[in-house]
Amino acid sequence: MSSAMQDSGIVVKPRGVMPAGARTLPAAYYVDPHYFKREMDALYGRMWICVGRTEEIPEPGRFVVREVLGESVIVTRDPRGGVNAFYNVCRHRGTRLCTEPHGTFPGSIQCPYHAWTYDLEGRLIGAPHMEEVPHFRKQDYPLHRVHADVWDGHLFLNISADPPALRTQLADLPDKFTEWRMQDLRLGQRIVYDVKANWKMIIQNYNECLHCPNLHPALNKLSHYLSGENEPLRATYMGGRMDLRPGVDTLSMDGTCPREFLPGLSDENRRRVYYYAIFPNMLLSLHPDYMLVHTLWPQAPDRTVNVCEWHFQPQEVARPGFSASDVIDFWDMTNRQDWQVCELSQAGISSRAYTPGPYSNREDLLYAFDRMIVDLHQKSGDRAIG
Amino acid sequence: MSSAMQDSGIVVKPRGVMPAGARTLPAAYYVDPHYFKREMDALYGRMWICVGRTEEIPEPGRFVVREVLGESVIVTRDPRGGVNAFYNVCRHRGTRLCTEPHGTFPGSIQCPYHAWTYDLEGRLIGAPHMEEVPHFRKQDYPLHRVHADVWDGHLFLNISADPPALRTQLADLPDKFTEWRMQDLRLGQRIVYDVKANWKMIIQNYNECLHCPNLHPALNKLSHYLSGENEPLRATYMGGRMDLRPGVDTLSMDGTCPREFLPGLSDENRRRVYYYAIFPNMLLSLHPDYMLVHTLWPQAPDRTVNVCEWHFQPQEVARPGFSASDVIDFWDMTNRQDWQVCELSQAGISSRAYTPGPYSNREDLLYAFDRMIVDLHQKSGDRAIG
Amino acid sequence: MSSAMQDSGIVVKPRGVMPAGARTLPAAYYVDPHYFKREMDALYGRMWICVGRTEEIPEPGRFVVREVLGESVIVTRDPRGGVNAFYNVCRHRGTRLCTEPHGTFPGSIQCPYHAWTYDLEGRLIGAPHMEEVPHFRKQDYPLHRVHADVWDGHLFLNISADPPALRTQLADLPDKFTEWRMQDLRLGQRIVYDVKANWKMIIQNYNECLHCPNLHPALNKLSHYLSGENEPLRATYMGGRMDLRPGVDTLSMDGTCPREFLPGLSDENRRRVYYYAIFPNMLLSLHPDYMLVHTLWPQAPDRTVNVCEWHFQPQEVARPGFSASDVIDFWDMTNRQDWQVCELSQAGISSRAYTPGPYSNREDLLYAFDRMIVDLHQKSGDRAIG
Numbered sequence: 001m002s003s004a005m006q007d008s009g010i011v012v013k014p015r016g017v018m019p020a021g022a023r024t025l026p027a028a029y030y031v032d033p034h035y036f037k038r039e040m041d042a043l044y045g046r047m048w049i050c051v052g053r054t055e056e057i058p059e060p061g062r063f064v065v066r067e068v069l070g071e072s073v074i075v076t077r078d079p080r081g082g083v084n085a086f087y088n089v090c091r092h093r094g095t096r097l098c099t100e101p102h103g104t105f106p107g108s109i110q111c112p113y114h115a116w117t118y119d120l121e122g123r124l125i126g127a128p129h130m131e132e133v134p135h136f137r138k139q140d141y142p143l144h145r146v147h148a149d150v151w152d153g154h155l156f157l158n159i160s161a162d163p164p165a166l167r168t169q170l171a172d173l174p175d176k177f178t179e180w181r182m183q184d185l186r187l188g189q190r191i192v193y194d195v196k197a198n199w200k201m202i203i204q205n206y207n208e209c210l211h212c213p214n215l216h217p218a219l220n221k222l223s224h225y226l227s228g229e230n231e232p233l234r235a236t237y238m239g240g241r242m243d244l245r246p247g248v249d250t251l252s253m254d255g256t257c258p259r260e261f262l263p264g265l266s267d268e269n270r271r272r273v274y275y276y277a278i279f280p281n282m283l284l285s286l287h288p289d290y291m292l293v294h295t296l297w298p299q300a301p302d303r304t305v306n307v308c309e310w311h312f313q314p315q316e317v318a319r320p321g322f323s324a325s326d327v328i329d330f331w332d333m334t335n336r337q338d339w340q341v342c343e344l345s346q347a348g349i350s351s352r353a354y355t356p357g358p359y360s361n362r363e364d365l366l367y368a369f370d371r372m373i374v375d376l377h378q379k380s381g382d383r384a385i386g
Numbered sequence: 001m002s003s004a005m006q007d008s009g010i011v012v013k014p015r016g017v018m019p020a021g022a023r024t025l026p027a028a029y030y031v032d033p034h035y036f037k038r039e040m041d042a043l044y045g046r047m048w049i050c051v052g053r054t055e056e057i058p059e060p061g062r063f064v065v066r067e068v069l070g071e072s073v074i075v076t077r078d079p080r081g082g083v084n085a086f087y088n089v090c091r092h093r094g095t096r097l098c099t100e101p102h103g104t105f106p107g108s109i110q111c112p113y114h115a116w117t118y119d120l121e122g123r124l125i126g127a128p129h130m131e132e133v134p135h136f137r138k139q140d141y142p143l144h145r146v147h148a149d150v151w152d153g154h155l156f157l158n159i160s161a162d163p164p165a166l167r168t169q170l171a172d173l174p175d176k177f178t179e180w181r182m183q184d185l186r187l188g189q190r191i192v193y194d195v196k197a198n199w200k201m202i203i204q205n206y207n208e209c210l211h212c213p214n215l216h217p218a219l220n221k222l223s224h225y226l227s228g229e230n231e232p233l234r235a236t237y238m239g240g241r242m243d244l245r246p247g248v249d250t251l252s253m254d255g256t257c258p259r260e261f262l263p264g265l266s267d268e269n270r271r272r273v274y275y276y277a278i279f280p281n282m283l284l285s286l287h288p289d290y291m292l293v294h295t296l297w298p299q300a301p302d303r304t305v306n307v308c309e310w311h312f313q314p315q316e317v318a319r320p321g322f323s324a325s326d327v328i329d330f331w332d333m334t335n336r337q338d339w340q341v342c343e344l345s346q347a348g349i350s351s352r353a354y355t356p357g358p359y360s361n362r363e364d365l366l367y368a369f370d371r372m373i374v375d376l377h378q379k380s381g382d383r384a385i386g
Numbered sequence: 001m002s003s004a005m006q007d008s009g010i011v012v013k014p015r016g017v018m019p020a021g022a023r024t025l026p027a028a029y030y031v032d033p034h035y036f037k038r039e040m041d042a043l044y045g046r047m048w049i050c051v052g053r054t055e056e057i058p059e060p061g062r063f064v065v066r067e068v069l070g071e072s073v074i075v076t077r078d079p080r081g082g083v084n085a086f087y088n089v090c091r092h093r094g095t096r097l098c099t100e101p102h103g104t105f106p107g108s109i110q111c112p113y114h115a116w117t118y119d120l121e122g123r124l125i126g127a128p129h130m131e132e133v134p135h136f137r138k139q140d141y142p143l144h145r146v147h148a149d150v151w152d153g154h155l156f157l158n159i160s161a162d163p164p165a166l167r168t169q170l171a172d173l174p175d176k177f178t179e180w181r182m183q184d185l186r187l188g189q190r191i192v193y194d195v196k197a198n199w200k201m202i203i204q205n206y207n208e209c210l211h212c213p214n215l216h217p218a219l220n221k222l223s224h225y226l227s228g229e230n231e232p233l234r235a236t237y238m239g240g241r242m243d244l245r246p247g248v249d250t251l252s253m254d255g256t257c258p259r260e261f262l263p264g265l266s267d268e269n270r271r272r273v274y275y276y277a278i279f280p281n282m283l284l285s286l287h288p289d290y291m292l293v294h295t296l297w298p299q300a301p302d303r304t305v306n307v308c309e310w311h312f313q314p315q316e317v318a319r320p321g322f323s324a325s326d327v328i329d330f331w332d333m334t335n336r337q338d339w340q341v342c343e344l345s346q347a348g349i350s351s352r353a354y355t356p357g358p359y360s361n362r363e364d365l366l367y368a369f370d371r372m373i374v375d376l377h378q379k380s381g382d383r384a385i386g
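Residue numbers (the numbering used here), protein chains in the order written: chain L, 1 to 386; chain E, 1 to 386; chain A, 1 to 386.
Here chain L stands alone, though its shape is the one from the complex (with noise of 0.2 Å):
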C-alpha cells in the first residue's frame, strides 16, 4: 500500500490475480476488417445500442436521424406518444427521406422524389399516379421498421430482425440505478470526438485505472485509482465505483461540486463515482451530481465516433446563463487524454513487432472483457463455417 493511500485512509481490496500466461488480444482483434466486421454483425448488429435521450424527440413528428452501422435510420414519436424508427429508406426507388440529422415532420413523412408519404407510425398514405397500376396496394409498403426501446430516458434501437427485449439485455441495471433518477435529467453539454482507434480499446481504457496516476493526475487527485471495487463481468455488461478522496465533492476542475446532489441518493452514492460499460456501445458514469453518457460509433477497425454528453437535474439546465464547466472541462481534459494513449495504443498494435503482454492484477476486468471477445469470435467462426 502506497504512502498516499495511507494518507488518504482508502481502503485498497485486493483483486483476482491473473492467470499464469493470461496475455492481452492478438493485433488482428484490432486492426483485422474481418474482425471488425464480425463484432460489428454479433455485438452491433445484435444488441440494443443506445443512441441518445427522449428529452431530444419530446413531441409528436419531432425526429432524429441517426447512423447505425452505415444504417440511416429516423427516429420519431407518433400522435399517440408511442416511439417509432424506421430505415431512411423509400419504399417506392429507395431515395433518402429525410436530410436533416433533426427536425419535425409536419404530421407525415414525405418523399422529395415522387412525393411518396407516410404517417408517422410508417404507413404509406400516398403514392402518386400509382392508382393506374394494377394490384399496386398501399398496405403492401410501409417503411421498412427498427426496433426502439427506452429506459430512464435513454433511447434504444436494435436493427436485427427479431431482438430479445430490452429489459433482458440490461439485466439489473434498472434496479440498480433507479436512485439516480435518469429519465429525470436534461442535457447541459454535448462534445463529439474522433477517435482512431478500435472501439475496444475505449471500452477497456474505462474499465482500468491503473493508468489514471500517470495520466489522469487530476483525476486521481480528486478519485484514488486504487479506491473502490469492480463488479465481476456479466453477460451485457461490465463495472464498478470509485471513491471520492475526503474533501472531494464531486468530480470537477477542483472537486467541489457548486449544484445540488441528485435527489434520492444515498449518503454512500453521494461519496461515489458508478462506471458501467453496457455493452456494445455506452458508458455510463454516475456522478454525486451528474451524470455522463458516452455512446460509442465504430467507424472502421482504427476508428471509433465517440459522442459525449453531460446531463444535469432540469433547474439547473434551465437556470439564467447555466454553465457548468467545472466538469465539462474536468471531462473533455480528462477525455482528450484518454483517447490519445488509445489512439497510440492503436498505431503501435498494427506494428509488426507487437506481441500480446501480461495483464496487471488492477486489469482483471480487461482480462474478462478479451476473453468474451475471443469467446465471441470463436463462436462466430463456428457459426460462419458450420
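Among the clues, some could well be false.
Within a straight-line C-alpha distance of at most 16 Å, the following computed EDC-like cross-link-like pairs (lysine to aspartate or glutamate) qualify [stated by the list, open to error]:
(1) E:13 / L:132
(2) E:176 / E:152
(3) E:196 / E:302
(4) E:221 / E:249
(5) A:221 / A:243
(6) A:13 / E:132
FYI, nobody ran anything at the bench for these hints, they're computed from the structure.
Guided by the hints, dock chains E and A onto chain L, whose structure is given.
Just chains E and A now, with coordinates in the frame of chain L:
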C-alpha cells in the same frame, strides 16, 4: 386527368401498363464495383462516347485532352483538317506527353522527358540517340490511336479496338434532328457537376417527369409533366418530347424567349422540347432556341461527373455582353434539384433495408432501360463464364 | 559527336549496345500492389536502409523516430555512445512510446499509458503493480530491437531478423569514397518532396542523363550529358561520374563555387560529380564542395517520399548567415523537373495503351537495373510458390 391539365388544354396520352410484379433494379446495380466494371467494359468501353464539340479544336494543332475510362486521350486536328485521337502515352517510356487540358501544338507533339517527337497524325519523327540502336525503326513507334468521329459538331471517341461506325450507333437520330442544325451552334456556357450517384440514376432521372410537380415546380409551370410522348426504347437511345404550355416560349426562368428561334424549325417543334438519352453518356435536350447537352463521366459506382453545356446560335454568343442567364439559371437550378434526389436515392439504395420498388405507368422508359441493363449483365456474365 | 561536344572538348565514351528486343519493364512493375509488396519485402525488408545522419543524435538520450515500411522506429544513443534502434511499441499493451519526431529522452523511455519504463538500451526497468503478478520478470520484456549501423556518418537500419553486415552491402563503396570524408560533413538544408511515382522510376531517372538536354538545360550547360563514365551494375549499387565543363567549378546556379573544395580531394575528383544509387533507398551525389543525399521512402506503388539533404564542411554551416542557395536552388529546380517527368511517366504507364519501349544505348544502367528487378521478382515468385 387533373384539373390543372384540363385548364391547360394538355392532352395526356395513356402509357403502357406495367407488367404485374415489375420491380426496379436490385441495389447491386448501383453499388457493386463488379457491376460498375461490367457496364464500363460493355458500354463505355465499346460504344461511342460524346466528349465535346469540334469547335474546341477549330484549327490544325489545336487540342483537348479528355479522360475516358481513366485513360487520358489527346484529341487534335491535323493539317489536312482531320480529327485524330491518341492515348497520351509516349512510346519510349510511357510518359504523358500533354499536361494541359487544352491548347495548341506547335506542329508536332514532343515528349518532355527524352524529346521523342510525333507529328499531328501520330507518326514518330524524332527520337534522340535511338539511331545508334540496331534494328530501331521510327515507323514501329507511332502513337497509339483512339477512334474518333463527328456528328453535327458533336465529337465522339471509341476506345475499343475495332468499333462499328458512329452512324450505326446513332441510327435514325441524325435524320431526326437535322432540322436543329446542331453543327452551327456554339457554346455559351459550361457547368461541371460532381454527382454522388450512379450514372444510370442520372439517365433514369432524365427520362421521367413524374417527379416534376414535386421536385421542379418551376419546370412544371412551363411544361406540364404529363404532356408529350415517349418513343419506345431503341437499342442505343431512348427519348421523347414534352410540350410547352400555352403562352410559354421556351424553358427559361420566366418562360419568355429573348432570342430568335433556331432557323428552319417547324411550327410544331417550336412548341416542344426533345429529351434524348443517347447511350451511354449523352443527354441531348433540344429547345426552340438552344441546345442543352449533358455528358456523363462515371468515376465510381456512386459517383458521376456531369458536364452540362448550353449552345446557342453563333450570332447570339458573338453579341457584345452576351448573356443567357434566363436559361442557364433555369437549368442550373433544375439540374441541382435532380442531382440532389439522385444522391439521396444512391444513399438510400445502399441501405440493407432497400428492396426494389414498383414502377408507375409514367416510368415506362425506365422499365425498358432497366430491362436492357439486366440483359447486358446477363450477357456479360455469360461471356465471363463461357 | 555533336558540335557542342567538340566545342567543349568532352570525350564521349561509347557504351554497350542494347541487345535486340530489349524492352523497359511492363506496367505491373510500377502499378501492381503485389509487385510493390514483393519489392518492399525482398529489398526494403532485407537490405540496409539509409535513414539519416549520426549528427542528428550527437549525445546519449537524443533520438529520432523514423517510419520504415510502415514501422515507427526509435533511433537513439545510449550512455556508452552506442546507436540503438527500437520498435516504437511498449511491451505491455503495444502503446507507442514516442510521439515526437526527434528530441531527448531524460535517461529512460517511459510509456505514457501505464508508465512502463525502459533504459536507453531497451531494458525494462519499471512496470507499476506488475510485481504482484506471479511469474512476471522484467527481463522478459525488453523493447524489440531493429538492427542499426553507421557508415561515415550515414545512419542505416535493417528491419530483418538476422541481416548480413552493413559492410557486406556497401562492398567497395567505403574505400571508393574515403577521400570525401563524409563523416565530417554537416547538414545545411533538407527538402522533403512527395513524388507521385514508383520508387524505381526515381532511381531510373537518377541513373541516366539522356533526358538532360531537354529537361535540365541549366545542368547540361554545366556538365555535358554525354560526359563521364558509368560503372557496370553491382549487386547492391550502381553509379558513375560526369565531368564539369571547362570553366565550371561546381554544380550551382552559375557554375562558380563560393566555398572551399572538400579537403583531400584529388585534382581529378575536383572536376567530377559522382552519382551512386545505393540500393534500395539512397542516392549519393558527391560534388567537389558538397554532398547531396536523397533517401527514398516508398509509400505506395505510385508514391514515394523523397528526402533531399545538402551537406557541407562544418565551418561553412557554422558561418554566421550561412547560405548555400547557389547549390540548393540549383538542385531544387533540377529535382522538381525530375519529379515532374517521373510523375508523368507514372501516369502514362498506368494506361492500358502503355507497352514497354526500347532503351537507347545511353540507358545502359537502367537496362541492367531492370533486369535485376525482373530477376528479383522471379526469385520471390519461386519462393512464394516453393
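Comparing the hints with the structure gives:
For the hint linking residue 13 (chain E) to residue 132 (chain L), the alpha-carbon distance of about 14 Å falls within 16 Å, and the restraint holds. About 12 Å separates the Cα atoms of residue 176 (chain E) and residue 152 (chain E), which keeps this hinted pair within 16 Å; it holds. Restraint check for residue 196 (chain E) and residue 302 (chain E): the C-alpha separation of about 5 Å stays at or below 16 Å, so the hint holds. Using a Cα cut-off of 16 Å, the hinted pair residue 221 (chain E) and residue 249 (chain E) holds, with the two alpha carbons roughly 12 Å apart.
Taken as a hint, the residue 221 (chain A) and residue 243 (chain A) pair is honoured in the structure, with Cα atoms around 11 Å apart against an allowance of 16 Å. Between residue 13 (chain A) and residue 132 (chain E) the alpha-carbon distance is near 14 Å, which keeps this suggested pair within the 16 Å criterion.
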